[in-house]
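Chemist: Position chain B relative to chain A; hints supplied.
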Amino acid sequence: MDSESLEPLSNLGEERLRLIVEAAPCGMIMVDELGLVVLVNSQVERMFGYSREELLGQSIDLLVPASVRDKHPCHRAAFLADPKARAMGVGRDLYGQRKDGSQLPVEIGLNPTMTDGERFVLASIVDITERKHSELLLEEKLLELQRSNEDLQQFAYVCSHDLQEPLRVISNYTQLLARRYSDKLDQDANDFIDFTVDATRRMQELVNDLLLYSRVDTKGKEFVNTNCSQIVAMALANLKVAIEESNAEIHCDELPAVRADSSQLLQVFQNLIGNAIKFRSSEALVVSIEAQDKGNYWIFSVKDNGQGFDMKYGERIFVIFQRLHTREMYPGSGIGLAVCKKVIERHGGTVWAESAPGKGAKFSFTMPKVVEGQRTGI
Amino acid sequence: MNRRIRVLLVEDSQADARLVVEVFKEEQINVDVDIVRDGEEAMAYLYRQRQYEDLPAPDLIILDLNMPKKDGREVLAEIKSDSALNTIPVVVLTTSQSEEDIQKCYKLHASCFVTKPLELEKFMSIIRSLDSFWFNAVRFPESI
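Those sequence lines, one after another, are chains A and B. Residues 356 to 733 in the working numbering are what the first sequence lists, from first letter to last. Residues 5 to 148 in the working numbering are what the second sequence lists, from first letter to last.
Don't take each hint at face value.
List of simulated lysine-lysine pairs, DSSO-like, C-alpha gap at most 27 angstroms [said to hold, decoys possible]:
#, chain 1, residue 1, chain 2, residue 2
1, B, K111, B, K84
2, B, K29, A, K539
3, B, K111, A, K574
4, A, K576, B, K84
5, A, K717, A, K658
6, A, K724, A, K658
7, A, K576, B, K108
8, A, K539, B, K126
9, A, K633, A, K658
10, B, K126, A, K595
11, A, K667, A, K633
12, A, K595, A, K539
13, A, K667, A, K574
14, A, K574, B, K108
15, B, K84, B, K74
16, A, K633, A, K717
17, A, K454, A, K496
18, B, K73, B, K111
If you're looking for bench data, these hints aren't it; they were derived computationally from the structure.
This is chain A alone, in the form it adopts within the complex (with noise of 0.2 angstroms):
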């Protein structure tokens, strides 16, 4: 036994000592080797409903849970036997039980003690009731949240799938209409169709974006080592039209492999490089595109020297169908920076963008460096 870590009690003298523990905010009780209970505060009997007088001289079994009440002589004794002071049944959820046969979750702290040559133990006791209900509501709103989001997740996809069928059979027979019946019907009725046609073109768009929205999450691929240069050079081989008809200047740093579903980070490049070519400005376009090490993750980068936007829509270009120009001026439903959003987020990583109107903008996201199968997107 290692007598050195007993604090002698009594050189504190006992008054005081009562006062000490009177004055804890916490239960307090001490024991003998007996397991017999020698000294409470004020808080012990509020906590478990007995008077002092009915805990005193009594075994401090009493106020262990009748179930595991058997078990209890067993763990005083091999805290006696090695007596060191530490948190009891770590990992567990302990509990006491009132006079009243209640239980109330408790963390208990034991401290053995040396008063006049006889061994004690000291516990101080937490009533935890507030906190255990805390974490379960707690617990309970994160479920809450995780379905709901769940929920939302199919409902966009359901809806977007399906409303693909009616949307279909209007957008064919509104074309049958005014492709057999143009040349019979007046101005007006021409005029309504095409409005009809345009709309129901419009919807299709939103509701195939709105689909591919909800594919990131739906349908999103594990995550494998990929390499970040093969992937800028496969977008810009699909933007390959773009870059030529605007002259734009490309660079591009050699960048690092990340773990990554593929597919996505190429919406991702490919979104934020066709950007950079659409809102391009009268000057000769240059688009750069690097990779900053910053120790446990990267920063990537698409920087231009386009048209640039007002940094209080900064936040608000990233959600979903909202854009900053008319229909009429830039086609799109705006989605593209939307879904690099949500890839991004996804992969761990956020994404951010620095820009002021005529100064071009530079759209930033992190990924973060993982181990190999720390993360496997799904």
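Modeler: Chain B in isolation, oriented as in the chain A frame:
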């Protein structure tokens, strides 16, 4: 082939079935189109049961996949496992874009897999291709 071509269109949606017929009309393609609305009906037609007793076998089947009762995949499997029917070409015409469906249909020996397009122009061009290939370029086996 001098006789008129007979097409069996298996399609549960009235609007979609009519669209195929209207586009044939629009493109002035002269074929006889028989429409059945689900897979069970399709099999009754092909086995010449009930009201279909006196009909000749179709030259080509246009088959939707998602239908009530017996769906298109089951119909396709049944046709291709029946030696009396498996020489009839089957064009799958569906809203499905799923790779799984595409794989499955070809494995079940569909002649081709076409996704119903959103644009009428595209649909018309598909029907024109059907016409120029199936009704003009290829030879069908003699009807059984």
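Chemist: Does the alpha-carbon distance linking K111/B and K84/B stay inside the 27 angstroms limit?
Modeler: Holds, at about 10 angstroms.
Chemist: Between the alpha carbons of K633/A and K717/A, is the straight-line distance 27 angstroms or under?
Modeler: Roughly 14 angstroms between the alpha carbons, so the hint for K633/A and K717/A holds.
Chemist: Does the structure keep K667/A and K633/A at a Cα separation of 27 angstroms or less?
Modeler: holds, 20 angstroms
Chemist: Check whether the Cα positions of K574/A and K108/B lie no farther apart than 27 angstroms.
Modeler: Since the Cα atoms of K574/A and K108/B sit roughly 19 angstroms apart, the hinted pair holds (cutoff 27 angstroms).
Chemist: Is the straight-line distance between the alpha-carbon of K73/B and that of K111/B 27 angstroms or less?
Modeler: holds, 22 angstroms
Chemist: Assess, step by step, whether the Cα of K84/B is no farther than 27 angstroms from the Cα of K74/B, and give holds or violated.
Modeler: holds, 15 angstroms
Chemist: Would the pair K724/A and K658/A pass a check requiring their Cα atoms to be no farther apart than 27 angstroms?
Modeler: holds, 22 angstroms
Chemist: Holds or violated: K126/B and K595/A, Cα atoms, limit 27 angstroms.
Modeler: holds, 25 angstroms
Chemist: Hint check: K576/A vs K108/B, CA-CA at most 27 angstroms. Holds or violated?
Modeler: Status holds; Cα separation ~21 angstroms.
Chemist: With a cut-off of 27 angstroms on the C-alpha distance, tell me whether K539/A and K126/B pass.
Modeler: This hinted pair holds, its Cα atoms lying about 24 angstroms apart.
Chemist: Is the hinted pair K576/A and K84/B satisfied, with a Cα-Cα distance of at most 27 angstroms?
Modeler: The given pair, whose Cα atoms are some 34 angstroms apart, is violated under the 27 angstroms limit.
Chemist: Is the straight-line distance between the alpha-carbon of K111/B and that of K574/A 27 angstroms or less?
Modeler: holds, 24 angstroms
Of the hints listed earlier, those the structure fails to meet are numbers 4, 12, 13 and 17, in rising order.
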